[in-house]
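Construct the complete structure from the given sequences, taking the supplied hints into account.
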Amino acid sequence: MNLAHLHLLLNHFPTIGFGIGLGLFFVGLFAKNEELKRASLVILFLIAVIAIPTYLSGAAALDKICDRVNGAIKCPADLSLTLIQEHEDWALLAFALMEITGFFAWVGLWQMRRTPKLASWNATAILLLAIITFGFMSIAANEGGNIRHPEIQSAEDIVTAQAAARVPMARAIGAFVISKTWLWPACETLHFVGLCLLFVTVLFVNLRVLGFAKSVSFAAVYQLLPLGILGFGINLLTGMMFFLAAPQQYINNVEFHRKIIFVVLAGINVLYFMLFDKAWKVGAGDDAPTSSKVAAAISLYLWVGILYYGEMLPFLGNSF
Amino acid sequence: MIEFLHMIEESAFSTWVRESPSIWSFPVILLVHTVGMALIVGVSAGIDLRILGMAPALRLAPMEKFLPILWFGFWTNAITGTMLLVADASMKLTNPDFYVKMAFIALSLINLSMIRKYVFRDPLIETGKFSSKARFLAWSSLFCWLVVITSGRLLAYVGSTSTYK
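Protein chains in written order, with my numbering: chain X, 1 to 320; chain L, 321 to 485.
There's no promise every hint is true.
As the list claims (entries may be wrong) - Residues from chain X shown here face chain L by an in silico Cβ test under 7 Å; the list is partial: (1) Phe199; (2) Val200; (3) Ser215; (4) Gln223; (5) Leu224; (6) Gln249; (7) Glu311; (8) Phe315.
Calculated directly from the structure, the hints in this document are not laboratory data. Given the structure is predicted, the values throughout are model-derived calculations rather than measurements. Glycine included, every Cβ here is placed at the ideal spot set by N, Cα and C.
Next comes the structure, spelled out in structure tokens:
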């Protein structure tokens, strides 16, 4: 199996999973059922996490099926580069919006731990964002289908694709990042700032669960989680700048693959602390139950691993 | 002076840090330096943001227990930082950016000791109300660490290029 296979496997999740999440959210809103809303937020958040490797493996799939000759991309005769880049543009837009939706879904889940009802401003934001994202995602999926299934293509599609021959958005953003000498270092600096915010949250929350500073209740350290998700947001944004600017450094870099796998696992891990009552009930002076300690230890392992793989990108991998 | 710096650079240890193909030399030293940074700036920023009103249910007083983690990070980075410095002494020590970084590390630590003195030792700490002085110290701490990270990151980009590169 290569990364092109992985993309073919993963690419169904964002559209179908997001559709299910959105449908469930609708039902939850109409039925005024907070548990259904909560379940749909979990789905929307998880799909946003899975969208990360989906987008990245798409860039790798392009690399697999087409060659780069002197900076220009040459695809086999039966494949249209224009169609691929159309797909990439919509996918990038849908991906960006999906991450923003996932962020609001996360905030909703975080708030619902303390106040059982989802805030109406957040419900509106999630609903609007999710509908727009789903629309963009459907177009991206449809464009993606056209790449390998010419039989479903209408003559109209072909004409539009040819008329749309232009610099794809991902390349344009990447070229912009490269063209400004200050931009890459600035993103690196912000990536480090985000790392500090994320890591301190990981440290405070997990060390408390493991038995450090027991006079603090879990509910108190839980208030720090948005700081961690803010750090993650900064790093996802700046990380994407690196990826768009120099995809060749990452798509065939095993350290990067491991880093992204760990990011997905860490995304699943954080849900333990938000959904399960065991950790939540740890009051001031209490010892956390073993299952919470295991989750905390896994979390520390994953984030140190993400730091390790990120740091090793230039040394064990091929990036600079 | 520059001869002395070259002498340091040419020592067996410096050469090993710089040129060894082993992952245990430069890559792991840099990794430990990054983790150390996360411990120092992370713990410090957590305290600063708490003073500024984030996570109100989290009492500040017990957060002092995290300061040993900060100091562990600090000494780790003092050691790994020295290792990285001797490997590239003539470039780093002639780069103004390096001195900016060192100066702001000093300012950050002075700032931290003032937070200990005026915030943690303040008998009113348990009330959760922080004076404007405490808030100023929190902002200046965040600013100083930001300069440290930025100037540290920029060491890879600005100044004269190492003769070894």
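Cut-off 7 Å, beta-carbon criterion: hint that Gln249(X) touches chain L: With a closest approach of 16 Å, the Gln249(X) hint is violated.
Restraint satisfaction for Glu311(X) [CB to CB of chain L, less than 7 Å]: Hint holds; Glu311(X) Cβ to chain L Cβ min 4 Å, cut 7 Å.
Interface restraint verdict for Val200(X) against chain L (beta-carbon cut-off 7 Å): Val200(X) check passes; min Cβ-Cβ to chain L is 3 Å, inside 7 Å.
Restraint satisfaction for Phe199(X) [CB to CB of chain L, less than 7 Å]: Holds, about 4 Å.
Supplied contact hint for Leu224(X), tested at 7 Å Cβ to chain L: At about 5 Å, which falls below the 7 Å cut-off, the nearest Cβ of chain L leaves the hint on Leu224(X) intact, so it holds.
Restraint check, 7 Å cut-off on beta carbons, for Phe315(X) near chain L: Since the shortest Cβ distance to chain L is 4 Å, the answer is holds.
Interface hint outcome for Ser215(X) [beta carbon to chain L under 7 Å]: It holds, given that the least Cβ distance between Ser215(X) and chain L is near 5 Å, below 7 Å.
Agreement of hint Gln223(X) with chain L interface, Cβ distance less than 7 Å: holds (3 Å)
When held up to the earlier numbered hints, the structure conflicts with hint 6 and nothing else.
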